[in-house]
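Student: Those protein sequence lines, which keep their order, are chains A and B. Be aware that the first sequence starts at -10, since it is given in the numbering used here, and climbs by one per residue. Be aware that the second sequence starts at 17, since it is given in the numbering used here, and climbs by one per residue.
Treat the hints loosely; a few may be bogus.
Unchecked claim - Here are the simulated DSS-like cross-link-like pairs (lysine-lysine), alpha carbons at most 30 Å apart as the crow flies:
1) A:K214 - A:K228
2) A:K235 - B:K43
3) A:K239 - B:K304
4) B:K43 - B:K304
5) A:K16 - A:K235
6) B:K304 - A:K193
7) B:K304 - A:K233
8) A:K63 - B:K153
To be verified - Taking beta-carbon pairs under 10 Å as the criterion, some of the chain B residues facing chain A (in silico):
9) K90
10) M120
11) N123
12) F132
13) E135
14) L192
15) V265
16) D267
17) K286
18) A300
19) Y311
These aren't lab readings, by the way, just hints derived from the structure by calculation. For each residue, glycine too, the CB sits at the ideal point set by N, CA and C.
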Amino acid sequence: MTGRMPREIAPGVFWIGDCLAQRHQGKIYHAYNAAFLVAGETASVLVETGHPKDFPVIERHLSELFARGAPALKYLFVTHQETPHCGGLGRILQRFPEAILCGDVSDYHLAFPHYESRMRWMNEGDAIDLGGRSLMAVEPVIRDLRTTWWGFDTGERVLFPGDGFAYSHYHQDGHCGLVAEEAVSLDLPDVSAVFADLALFWTKFANMDAYCDRLDHLIERLGVKTIAPTHGLPITDLKVTVPKVKEGLKYAAQVPESGTNEKVPVAQQT
Amino acid sequence: MLTQTASVPVRTMPGMEGGIAVLAENKVYALQHPYALDGRVSSYPASARGYSVANSYLLTQSDAAMLIDTGFGKDEPAIRAQIESLIAPGLPLSLFPLRLNEFMSINNVETFAGHFNVEQCYTSNIDAALWFDFGAKADGRSILDAMPVTAVTRSDTIKLGTKGRPIDVMQAPLRLIATRWLYDRTTRTLFSSDMFTHVWRAHRDGPWIVTADDDTTSARELRSFLLNTRYWWLEGAPTAAIRRGIAAVFDQCDVETIAPGYGCILHGRKVVARHVEMLDEVLAGLDKSVAVSRYVARDEER
C-alpha cells in the first residue's frame, strides 16, 4: 500500500490499485495487480479491475479521480480472464451501472451471467472512442490464456500489456508506487525469474528470443511511449528499461523452474 | 436430463441443469454442468463447437467431505443443491480449488463458505482467502477472513475424515500457472485440473464420461487441442522433463479414472492408459529435438 496512488503516468492515464505480497523461496516479494484509468474528453475506460482483494482500493482511487474531473466510467477493458486481472469485474459493473465490458469477453457470461447484456466483443484493431483518444485492442505478444488482448491508448501511446513486462518489486526498498526508472535497486533478472516461476511457467519452455523480437516489432509499429503492465512497474523510458526487461525475461527462461508456492507441509502445521 | 454410460449412474435434480455422476458410491461424485462452446470459452479452441462441462467433485466420508473446485457462478444454485443432496446438513466440508486464478475453480468459494460448514480451504497459497472475494455476498470478505486456510506443498498428503482417507497432493507437471493435481488412493481417481480436458461433445446432454466403448479421440486431435488452447507454447519446447513428470505421476499412482476440471471424465484403466500414452506421444512429437519453437500468434490454430 502506498500514498503515491493514484499516479498519473502519462497525461490522462492514471495508475491505481495495490500490491500483493508473494512468498517465494523464503523471501517476500511485492507485485502489482494494477488497474489504469484512461480519461478521454467524453468518457473514461478502466483497464483491468485489480485483484479481487483490491476493490475497495480501486473504488477509492476511482472516486478521487472522478472528483478531480475525470469523465464518467463508460467502459471496462480487461486483458484476460485470470482473476488478478478481472476479479473485480462483477463489482465494477455493479458500482458503475452504465459501464460496458469490452475486450475478449470469453467466460464472463459463465461467471457473471446477469451482466451478459453489458459485454461487447472486440477484435484486434477495434477501438473504444473516449473523445480525443481511444483504446484499441492490440496483439498480445506475451500471454498465457489464448483469449488475451493487450490495450493501447492512441492518445498518449500507452501500451497496456497485461501479463507482459511482469515482474515483482522490493517493498523494503520503497519501490511500491514507483515507475521502473525510479526503482534503482530493482534487479530485473531476479524479479523476472520470480514471476516466471509463480505465474509464467511457459516462458521457461518457449524460445523467448522470438517473443522479445516480436515485442520490439510491436513497440515500434505502435510507436509506444509508455508501458503500463499489470504486474510490473510502469515503464516511462523505453530505451533504458525495455532492454533490461527483455534480459530479465531471457534470464528467467534459463533458470530452472523451482515450483510454486512452497509452504509449510500440512503435516507440520498445527 | 444428462445421459451417461451404464457403468456410471447419473442423478439429476428436477428443474436444475447439470447432473451428478456417481464415480464411486459414497466416495466420489462429479457435479457436472454443461456450457456451450461457441467461441466464448477460454479453455477451448476458438473454433470448437458443441458443448463441454465444468466439473466439481465431491469426496465424501461419513464424517467429512471435500469439494474440489467450486464451478462457475452461473451454476452456483445448482451445485449448492447438489451438495446439499449428498451430504448431511452441518457436515464439515473442506474446499480445494486446484487453480487460484480461474473463475471455474474459485467463483463460488465465497458463497459456499457462507452457506456450508466449511472447516478449511486447502490451497497452495496461504493468502488464498484474498483471491476469492468477488462480491457475491455483502459480508463476503468477513466470511473469507474467517475461513481457515490450510496451505499444502507441491508434494503432500491430506487426510479426509477421522478415518484419514488419504488424498495425495502434487504440483501439476504441465500447467499454465500454480496448479495442483490430487490423487484419491481409495477410488484410484486422479483429479487433473486443466489437463486431460480434451474431450468435448456435440450435444448438451453428453455423455460426459468416456469409457472404453466410446473412446474415439485421436492423437492428432489431442495435439490440436493442446496447441489451440493454453498449451500453445509446447511446439518446439523441451518436453522431456514434462513427459518425465507426467510419467512419474502415473508410475506412482494406480489411476483408474482421470477427473479433469472441465471436459469429459476418462474412466477405466484401458481408457486412462490410452490417453496417457497419446499425451506422451504428442509431447514427444512436439519436443525441441523434432520441432522448432517460434513466435505463435494469438489466433493461429494448428
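Student: Which of the numbered hints above does this structure break?
Tutor: 2, 4, 12, 13, 15, 16, 17 and 18
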